[in-house]
Amino acid sequence: MDHATLFLTLLAAGAALAAGGLVKGVVGVGMPMVSVPLMAMVVPIQTALAVLLVPIFATNVVQFRQAGDTRAMARRFWPLIACMAGGIALGSQVLTSLSEAGLSTVLGGVILVFTGIQILGRVGEIPPARERWLGPLVGLASGIAGGVSTFFGPPLILYLMSLRLPKDAFVGAIGLIYLVGSLPLIAAFVAQGVLGWAETLWGVAALVPVFGGMALGRRLRDRVPQEIFRRIIMGLLVVIGLNLLRRGLMGG
1 MDHATLFLTL LAAGAALAAG GLVKGVVGVG MPMVSVPLMA MVVPIQTALA VLLVPIFATN
61 VVQFRQAGDT RAMARRFWPL IACMAGGIAL GSQVLTSLSE AGLSTVLGGV ILVFTGIQIL
121 GRVGEIPPAR ERWLGPLVGL ASGIAGGVST FFGPPLILYL MSLRLPKDAF VGAIGLIYLV
181 GSLPLIAAFV AQGVLGWAET LWGVAALVPV FGGMALGRRL RDRVPQEIFR RIIMGLLVVI
241 GLNLLRRGLM GG
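Just so we're aligned, residue 1 is where the sequence shown starts under the numbering used here, counting upward by one.
Read the hints as simulated data drawn from the structure, not as lab findings. You may find that some hints are simply not true.
Distance ranges between label pairs, derived from CB positions [as the list claims (entries may be wrong)]: (1) LEU134 <-> VAL208: 35 to 43 Å; (2) ALA74 <-> LEU137: 15 to 23 Å; (3) PRO128 <-> MET250: 45 to 53 Å; (4) TRP197 <-> MET250: 31 to 39 Å.
Glycine included, C-beta positions come from ideal geometry on N, C-alpha and C.
Put together the whole structure using the sequences plus the hints.
Written as structure tokens, this is what we have:
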């Protein structure tokens, strides 16, 4: 790779990371779902997934510190978190067995399912009696999805929305679950040989555009109507998901 190509690759990857940070700053979630497929246009998908692990951990530390009663949330969601750890171990094994085309297909499918549910708005309400057994199932599904793609979000966000949590409790729960979930994810990626020292150092460097995007996102949070921003992001994710499916199914 010549110097010009390397510069353009780093510039594009930095823009993808900043875009993910922007979304995270505005809505509190969604960084991997935006950054990974955009980075995958210029670097291998496994590299994009590995590099993003450090920013995922760091941004959720910040979000977790802004949460309220963390002990109460930990008591409520520990079965979900425990099952998520098991799902991550399974998902990370799938990750290393998939080809680049297979990963593109999986990522595109996950993104389109998530955005489709969000656009249709079909999120019911889960009564407290069902939370005890449904939470662990959601944790397992989220862990498998996260192990393959770092996308814990699709099943987890829909589940938490269905619990009708207050806004601050929702953001705090997301921060807690993502933070705890990122630890076994990092361990699994190291064990599977996906995350090494090179990817870790690039991940540390990635904190600059990510936190820059988050800072801008926090400024925009009160200026851009939330619904308009959500629609823009959903439209972007549909395009990205379709492109990943095309790459996976058609080979490029």
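For each hint, the structure was consulted:
no.: 1; hint: LEU134 <-> VAL208: 35 to 43 Å; verdict: holds, 39 Å
no.: 2; hint: ALA74 <-> LEU137: 15 to 23 Å; verdict: holds, 19 Å
no.: 3; hint: PRO128 <-> MET250: 45 to 53 Å; verdict: holds, 46 Å
no.: 4; hint: TRP197 <-> MET250: 31 to 39 Å; verdict: holds, 35 Å
Violated hints are absent here; each numbered hint is respected by the structure.
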